[in-house]
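Asker: Sequential numbering from 629 applies to the sequence shown in this note's numbering.
Calculated from the structure, these hints are not laboratory results.
Source: prediction; values computed, not measured.
Backbone N, C-alpha and C define an ideal beta-carbon position, used for all residues, glycine too.
You can trust all of the hints, since none of them are fake.
Dumping the calculated BS3-like pairs for lysine-lysine here, alpha-carbon to alpha-carbon at most 25 Å:
hint : residue 1 : residue 2
1    : K778      : K740
2    : K748      : K773
3    : K773      : K733
4    : K778      : K741
5    : K773      : K740
6    : K733      : K778
7    : K733      : K712
8    : K748      : K796
9    : K773      : K741
10   : K712      : K678
11   : K778      : K678
12   : K712      : K796
13   : K678      : K733
14   : K773      : K678
15   : K740      : K796
16   : K741      : K796
The calculated label-pair distances, taken between Cβ atoms and stated as ranges, are:
hint : residue 1 : residue 2 : range
17   : K773      : G713      : 22 to 30 Å
18   : K796      : E716      : 14 to 22 Å
19   : H772      : R648      : 29 to 37 Å
20   : R755      : P674      : 22 to 30 Å
21   : G647      : L696      : 16 to 24 Å
22   : A675      : R767      : 12 to 20 Å
23   : K741      : A693      : 19 to 27 Å
24   : G771      : K796      : 30 to 38 Å
25   : R651      : K741      : 13 to 21 Å
26   : S641      : G771      : 27 to 35 Å
27   : G726      : S641      : 20 to 28 Å
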Amino acid sequence: MANPSDEFRLVSSNISHEGRMPRQYLGEGQGAKCNISPPVEWHNLPAEAKSLALVVQDVDAPDPAGPLVPFVIWVVVDIPAAVKGLPEGFSGREEEVGGEYAGIKEGYNDLKKHGWQAPKIPGPGHRIEFRLYALDVDRLDLGHKVTKDKLLEAIEGHVVGEAMLIAKS
629 MANPSDEFRL VSSNISHEGR MPRQYLGEGQ GAKCNISPPV EWHNLPAEAK SLALVVQDVD
689 APDPAGPLVP FVIWVVVDIP AAVKGLPEGF SGREEEVGGE YAGIKEGYND LKKHGWQAPK
749 IPGPGHRIEF RLYALDVDRL DLGHKVTKDK LLEAIEGHVV GEAMLIAKS
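Using the sequences and the hints, build the whole thing.
Answerer: See the structure below:
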């Protein structure tokens with residue numbers, strides 16, 4: 629049996645698994661610390677991985693037309709396997725950061741905005757799911773408008789590992 633410390637893991641220095649999501653990541657902070665993307669890092673990437681993709685969503689979002697539907701907060705693609713994480717506030721700055729982050733692309737969320745955009749969550753109890761996909765391809769050809777649906781279609785058959793982090797509102 630594999631040692632749990634050897635598993636592909638997604639973590640955050642500011643969010644514990646099943647822990648409370650800090651206010652600044654949910655649009656409840658103030659000034660520069662309002663609605664920023666949290667820091668995330670990963671460990672024990674599968675050896676076959678050439679790139680990564682990240683989807684963050686509120687899996688308990690209400691839908692006026694029915695029951696709960698996931699609300700996409702952030703989509704990030706073409707993360708090189710050599711990158712070990714994304715710093716706090718990365719969203720919206722991928723072009724200026726450069727270096728090891730060059731080529732990383734952010735997609736559109738369910739507010740039709742580019743980058744991290746957490747909704748105003750109406751109350752406690754919502755689960756925010758961070759799902760990281762390790763892929764056996766260097767890059768995805770998703771065009772200019774990257775969405776969760778396009779991503780999930782493109783990675784079919786290319787996922788060599790998945791890691792997840794859950795936070796609560």
